[in-house]
Amino acid sequence: MHKSETKPKAKNMKGTLLRVLGYANKEKALLSWVLFMVIASSVFSLIGPYLLGVAVDDVIAGTNKERFLLLLFGIIIVFLLQSAALFFQNNWMIGIAQEIVFRMRNQLFKKLHMLPISFFQKRQHGELMSRLTNDMENVSRTLNSAIIQVVTSTLTIVGTVAMMLWLSPLLTVLTLTIVPVMFAGLKWITNRTGKFFKEQQKTLGDMNGFIEETLSGQKIVKMYSQERKVIEQFAEKNGALKESNYWAQTYSGFIPKLMNMLNNVSFAIIVGIGGILEIKGSVSIGVIVTFTTYSRQFTRPLNDLANQFNMILSAVAGAERVFQIVDEKEEQEDEGKAVSIDRLHGEIVFDQVGFSYDEGLATLRGVSFQARAGETVALVGPTGAGKTTVISLLARFYDSNQGTIWIDGRDSKEITRDSLRKQIGFVLQDSILFESTVRENIRFGRLAATDEEVIQAAKEANAHDFIMKLPNGYDTVLNGDGAGISHGQRQLLSIARALLADPALLILDEATSSIDTITEMKIIEALEGLMKGRTTFVIAHRLNTIQNADLIVVLKGGQVIEKGSNKELLKQNGFYADLVRTQQQKAIM
Amino acid sequence: MKKLFKYIFPYKYATIMALSLTGFELVVELIQPVLMAKIIDEGITNGDMFPVYLWGGILLLLSFIAFVAGIVNSFYSSHVGQGVGYDLRRDLFDKIQQFAFKDFQEIPTSSLITRLTNDVTQIQNFLFMSLRIALRAPLFILGGMIMAFTVNVKLATILLISVPLLMVIVLTLIRKGVTLFQLVQKKLDRVNSIIQENLVGIRLIKAFTRGTHEQGRFEKVNKLLREDNKKALQIMEMTMPILMFGMNVAMVIILWFGSLQLDIGGAQAGEIVAVLNYGTKIMFAFTVFSFVMMNYSRAQASSGRLVEILEQETDAEQLRTPSKGKKIGGRVEFHHVSFHYPQALKRTLDDISFTAEVGQSIGILGETGSGKTSLFQLIPRLFEATEGHITIDDEDITKYEKEELRKQIGMVPQEAHLFTGTVKENIGWGKENATFDEIIEAAKKAEIHEFIMTLPHQYETMVGQRGVNLSGGQKQRLSIARAIVRQPRILLLDDSTSALDAKTEANILTSIKDQACTTFIIAQKISSVLKADQILLLEEGRLVAKGTHEQLLKESDSYRRIYKSQMQKEMEQLA
Chain A
432 MHKSETKPKA
442 KNMKGTLLRV
452 LGYANKEKAL
462 LSWVLFMVIA
472 SSVFSLIGPY
482 LLGVAVDDVI
492 AGTNKERFLL
502 LLFGIIIVFL
512 LQSAALFFQN
522 NWMIGIAQEI
532 VFRMRNQLFK
542 KLHMLPISFF
552 QKRQHGELMS
562 RLTNDMENVS
572 RTLNSAIIQV
582 VTSTLTIVGT
592 VAMMLWLSPL
602 LTVLTLTIVP
612 VMFAGLKWIT
622 NRTGKFFKEQ
632 QKTLGDMNGF
642 IEETLSGQKI
652 VKMYSQERKV
662 IEQFAEKNGA
672 LKESNYWAQT
682 YSGFIPKLMN
692 MLNNVSFAII
702 VGIGGILEIK
712 GSVSIGVIVT
722 FTTYSRQFTR
732 PLNDLANQFN
742 MILSAVAGAE
752 RVFQIVDEKE
762 EQEDEGKAVS
772 IDRLHGEIVF
782 DQVGFSYDEG
792 LATLRGVSFQ
802 ARAGETVALV
812 GPTGAGKTTV
822 ISLLARFYDS
832 NQGTIWIDGR
842 DSKEITRDSL
852 RKQIGFVLQD
862 SILFESTVRE
872 NIRFGRLAAT
882 DEEVIQAAKE
892 ANAHDFIMKL
902 PNGYDTVLNG
912 DGAGISHGQR
922 QLLSIARALL
932 ADPALLILDE
942 ATSSIDTITE
952 MKIIEALEGL
962 MKGRTTFVIA
972 HRLNTIQNAD
982 LIVVLKGGQV
992 IEKGSNKELL
1002 KQNGFYADLV
1012 RTQQQKAIM
Chain B
2 MKKLFKYIFP
12 YKYATIMALS
22 LTGFELVVEL
32 IQPVLMAKII
42 DEGITNGDMF
52 PVYLWGGILL
62 LLSFIAFVAG
72 IVNSFYSSHV
82 GQGVGYDLRR
92 DLFDKIQQFA
102 FKDFQEIPTS
112 SLITRLTNDV
122 TQIQNFLFMS
132 LRIALRAPLF
142 ILGGMIMAFT
152 VNVKLATILL
162 ISVPLLMVIV
172 LTLIRKGVTL
182 FQLVQKKLDR
192 VNSIIQENLV
202 GIRLIKAFTR
212 GTHEQGRFEK
222 VNKLLREDNK
232 KALQIMEMTM
242 PILMFGMNVA
252 MVIILWFGSL
262 QLDIGGAQAG
272 EIVAVLNYGT
282 KIMFAFTVFS
292 FVMMNYSRAQ
302 ASSGRLVEIL
312 EQETDAEQLR
322 TPSKGKKIGG
332 RVEFHHVSFH
342 YPQALKRTLD
352 DISFTAEVGQ
362 SIGILGETGS
372 GKTSLFQLIP
382 RLFEATEGHI
392 TIDDEDITKY
402 EKEELRKQIG
412 MVPQEAHLFT
422 GTVKENIGWG
432 KENATFDEII
442 EAAKKAEIHE
452 FIMTLPHQYE
462 TMVGQRGVNL
472 SGGQKQRLSI
482 ARAIVRQPRI
492 LLLDDSTSAL
502 DAKTEANILT
512 SIKDQACTTF
522 IIAQKISSVL
532 KADQILLLEE
542 GRLVAKGTHE
552 QLLKESDSYR
562 RIYKSQMQKE
572 MEQLA
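Chains as they are written, first to last, in the numbering used here: chain A, 432 to 1020; chain B, 2 to 576.
Looking at chain B on its own, in the form it has when it is part of the complex:
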């Protein structure tokens, strides 16, 4: 919680305003009984209406001012509460955007979502409440104790013993509550994650008629959430009965002790009554306090989860000599590059070396799981090589600023992810301020323009999770257009034409060739990389052959085997 304290700082004036207004309301509230007493004592009892009108008028005036103060306070308090909430969400999201991929493996998406919404809400609620009522409780408790002491020290000592004792009990419960609420939030993560999974896989679940199975899975987690919630809330709700009982017993003791003192002259009857009155006030303050504390423990549990994100160490940008704004040519060189994923047992890539000249096209072939995609991810520095180094235009890639580097790379991943938005926006993603003409141009090159024109609103048609139904191939082509529009110096196509028919694929590959950028193509079919200047053949993370199609046919057994397997089939078909 302390670590989130700095978030109040930008709102210090509003906070001070809110607290002072609360203070002012408190003062008016304390004056009210005095005024009422005056009205009754001076006015009603004496049968004199003038004091009734006078003090009554003042009372009304004051309460109206307090009302206005209260209204203004509402604005300030929610300004602080919502402002802090906004800033927290902003910083969290900013931070998450800086996450490296491995961080996502540590905190899964579903949990990040819970934290950004639910956890922040907990903190907001607590803050709003603190500004408006939390201050009262401790002030009342403290004030009540001091007043009791001025009345009778001996009797007040009983309060002095019992109040801290009860505080300790409350604090113990709160500490327990914090741990329990943390468990609740974790269960909420699980619930979130199952829902997300089910939404993503809804077709599959329907196809395999596994609805009931998934419901069972969900029910289990839901049950755990229910139990943890119960446990946490029930513990926290214990504070109130305990506090009330404790204070009530303390008052009985005061009365008993008071009666003894009365006998020996250590206290007067009026003093006993007064101390008892303060005891009652303290007790009411305590009940408010326990309510605030419940919210505190929730907020405390959530704040830990937020701090975890905010303090996550993200990849420090290794900027030695940042070559800002430098246009890259596109010569890519791998020097004995090896790579393994964090926590992985073995190397995914093992001692890879090759050179891709500017404008060349490089085909990458290899069995499923041989490391093709991993190799791709090293180029835009989504992951860093664990050994060896990669250079672009003869300069180590770690010397490029990531953003600058990525700006000049167009990558089309295996799975075409589209965002909710129009077709135009989705293609325009590739390049900031891309003109509509550029977007259309890219769509044409990706062979998707004609299809777009058949859509109900053409380029303004919504796609993504809330958009129209697109086939796998259509998504792939949109995602290729997104890469082309940025006019990259290096283009990475990760098996991105798998859902396309041969004709479309051929057309796209030809228009890419015109882009004159260095192109890397991962493919399954030799036909897709036949014209490549260089073909790299990967096997279990090692580069087993490189060269042109003709060279490889001559030199590599593995390559010949693949080629034969594919050709044979093609030929059979024609026969």
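The following block holds chain A by itself, in its conformation from the complex:
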């Protein structure tokens, strides 16, 4: 991916820049005001010193005092206007720049929610985080100043070249001879900085990913006294970052030095050739002297421009990484004919459904079963049999590769994802909590729920008692990693959340695995009430929790090997009966 990027860089860069600026569409008017102010401040910065010069002449000539004081007063006004123009151009530009950054961040974040689950499987959280922070920071840094600087420098260059041409076209051409050399040098440098900026942002993202992953598993690191090992691994990433940073910065440092030298070369050319011309009598001494001043004035903004160009490259490196995600393929569009559903009845049919996460490795093969509305379906099987995958397909986290899932007689692919998921209440294997109050965490299930409804749901999930024992009850703020409450308690909160959602379809994926059996019984009682009239899918390893299911589907290696009620399956005396017996035996022994 990296190698192919080097060639069409120039084109990419322009496209990326225009795209970034495109975010300021609404601020076009303000942006033109900024440009106006830049021009104004440039003009004032010429007028001010000029008037000052006139005033100096006045002093030397000792002419009329009143005119002199008036002049001084005028100069102060001009300087005031210059500073005001500077102030406004900066102030507005920062506003625009931060607006762009704000919109880009928002869009990127929004995008994350539209990407399919499979996108997240191969990426480190920290690496994605880096794009929203470190990469955006690069964009922000450049936008704040680059536009103003580029315009100011360009104005100065154009003005100077015009003056030079007016004085002597020949000497102008001589001065400009260094420009190709300069461009060649700049190209040589920026080819390298551009590459290293990209490398730098990539390694920074990598490091961010490593830090995030390591710190979220810090307990294991400590427990296994692997601090030294992760420190070593970190050193490696840190070293890689240092390396790319080092070269990016070193090469960037070449720019002003190169410009300075070329500046002197151009001076030497002017005086050298100018001198010869003067002897021949084709230019005057005065012109040469003025020219040397102009050539300096010409190279200074060129130097600024070169530096800005370099800064822009680093912003582009960041922006490209942001756009890379923004341009990712979204969760497949709901098909054109897909309809939004209001209330599910709850009849689910799996018809020869097949699916694989990675090409070649089939996770599910020819899975078929049927659940009538209001029934409870239990999915049973050894770990890795594909139980969670069945549920993921049902909720359309993924779409099946083969076969069809019928929901209320309709192909599930013809139902919009959002409307389908709104009908489903999930209690997932990992109980995810957000850094927020207990109340808000439960309310996540239904945002419009009242406080009473939240408490009611907590009571039904048997979570109320422990919540009341927390330091601030329902207003206790939970850490992102749920520190302070136990794993089982987190499951209780997840259940309360699903209860609050009041869904037509309920999915319980190992919902009670970390809850003690007595509490579990109470919850199951509550759930049983809830399950009435709702189609429910249950995954559980404790088989006793699912014996009342209307249908038990036994999965093994991605295939349905048995299905039926508890009684039927025991009678069949197959895999399921075997599983039940193992548990029995252990219990009895």
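Since the hints were derived computationally from the structure, they do not count as laboratory data. Wrong hints could be hidden among the right ones.
[To be verified] DSS-like, lysine-lysine: derived pairs with alpha carbons at most 30 Å apart:
#: 1; chain 1: A; residue 1: K668; chain 2: B; residue 2: K188
#: 2; chain 1: B; residue 1: K187; chain 2: A; residue 2: K668
#: 3; chain 1: A; residue 1: K668; chain 2: B; residue 2: K532
[To be verified] Beta-carbon label-pair distances, calculated as ranges:
#: 4; chain 1: A; residue 1: I508; chain 2: B; residue 2: D92; range: 53 to 59 Å
#: 5; chain 1: A; residue 1: E759; chain 2: B; residue 2: K96; range: 32 to 38 Å
#: 6; chain 1: A; residue 1: K542; chain 2: B; residue 2: K445; range: 21 to 27 Å
Backbone N, C-alpha and C fix where the C-beta goes; we use that ideal spot for every residue, glycine too.
With the hints as your guide, set chain B onto chain A.
Same frame as chain A, but now just chain B:
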């Protein structure tokens, strides 16, 4: 900032080199106008080409040397900048690795991430810039003032008053900027934390179709970040217009005052022009200065956040008589141990006493939130008991070096956390230099070997955040293999078989039994701990019953109740 100064020390030679090279470039830059003047005055004006070639040649030579010096300087400056950045990140990460758990509660992960990347970058940028240009500005300002004084003391006094006055204004703005940039970094933490949360919970968010809700939450924080950023940058950008205006006014005053002096003979016209020239030079230096100061205030804001980590007091290792390298047997004893989390209202564990003999297996049962996991965490000293003491092989655990102690304990937490890397690496985590055979052996005992062999690259398959999709049970078994591979003397299984089916669980428990280490098992099902030598029953942090399954059945009402609840169900099922 001062506290981070010591980080430059290892690079003192490179720093001195960089600064001297900058100085050299500065000298060449100052000589250049002199040479140019010579070329024009001696050569062009006289129509003599020899001085033009001579001085022009010298000028070219000097500027070439300056160019080379500048290139070399780039290497030195970025060596210092990047070296300091590297060292800072290294020390920060080292320090974080020494954090106790409670420290993580004080500074959340998302903030630590921002600090290790973004904040360090701010400091790096400032440093690189300082080495190359910052020196010039103050030198120019100082030099300009001195030169002005040599020309005309009275006129220069105006500069002497105005320059410090403007400095004070700049410093005030900078101080304000530092606080504002600190707020910016804090908002960045918040942004980071929401993104992290969303990434971790993406399935849940999709399941509950809460995308828009989360986007709203993010937008709020993002907006705050935008506003704080604007505020900080806009304040800092004010310095330049203010400085320019101030200096310009100062020059007008010089001119006016000069004209008065001219009348009374206190100054000459040439002197006025010269002082004005120096004023202009100082003004340009000031604009560079304001740019550097902006970066300074960012770096200052960030350095505070880094120092906070570096100076965090980590648990002092209480080493009285370190029993280094000592192999432990595995006898664990709790003597009236109580424990509460920092800032918690009540005790999580209350007066717990029991003894686990070498090789015994101890089952721990109890309601959700009764303190089972907390009890576990005390054994490898992830947290320290607040009252009472714990001994291993009759020696207080605080006398063991943490690392030595933990090396001999295998803990499998409730949530199986895997790291990005291969299956082999993840299991190998448990033991340094574990051979491949040992890893396979552990995988077999954890009943995961067969599954691994079905993976596309077997033991070389990538898992973790960037790896293949694993089910909860598969993750649990990998994490059990990780604990087994270290051949621990004490094994702690924290409800680590919850996602496993009964058969697999039974097989794993049997192979663990063969390990002959002291094993603690937290479980929900009595069947998982039925064969345990001792079962501890916790209720709200208190140990309400202990004994074998048979004893407890006889002696404990609570235990009987649990047993009945579970048996009843099992029996119903068979019926």
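Comparing the hints with the structure gives:
1. For the hint pairing A/K668 with B/K188, the CA-to-CA distance comes to about 26 Å; that is within 30 Å, so the pair holds.
2. At most 30 Å may separate the alpha-carbon atoms for a hinted pair to count; B/K187 and A/K668 meet this at roughly 25 Å.
3. Proximity of A/K668 to B/K532 is assessed by CA-CA distance (about 47 Å); at most 30 Å being required, the pair is judged violated.
4. Checked against the given bound of 53 to 59 Å, the beta carbons of A/I508 and B/D92, roughly 54 Å apart, stay inside it.
5. For A/E759 and B/K96, the Cβ-Cβ distance of about 36 Å falls inside the hinted range of 32 to 38 Å, so the restraint holds.
6. Checked against the hint of 21 to 27 Å, the C-beta distance between A/K542 and B/K445 comes to roughly 44 Å, which is inconsistent with it.
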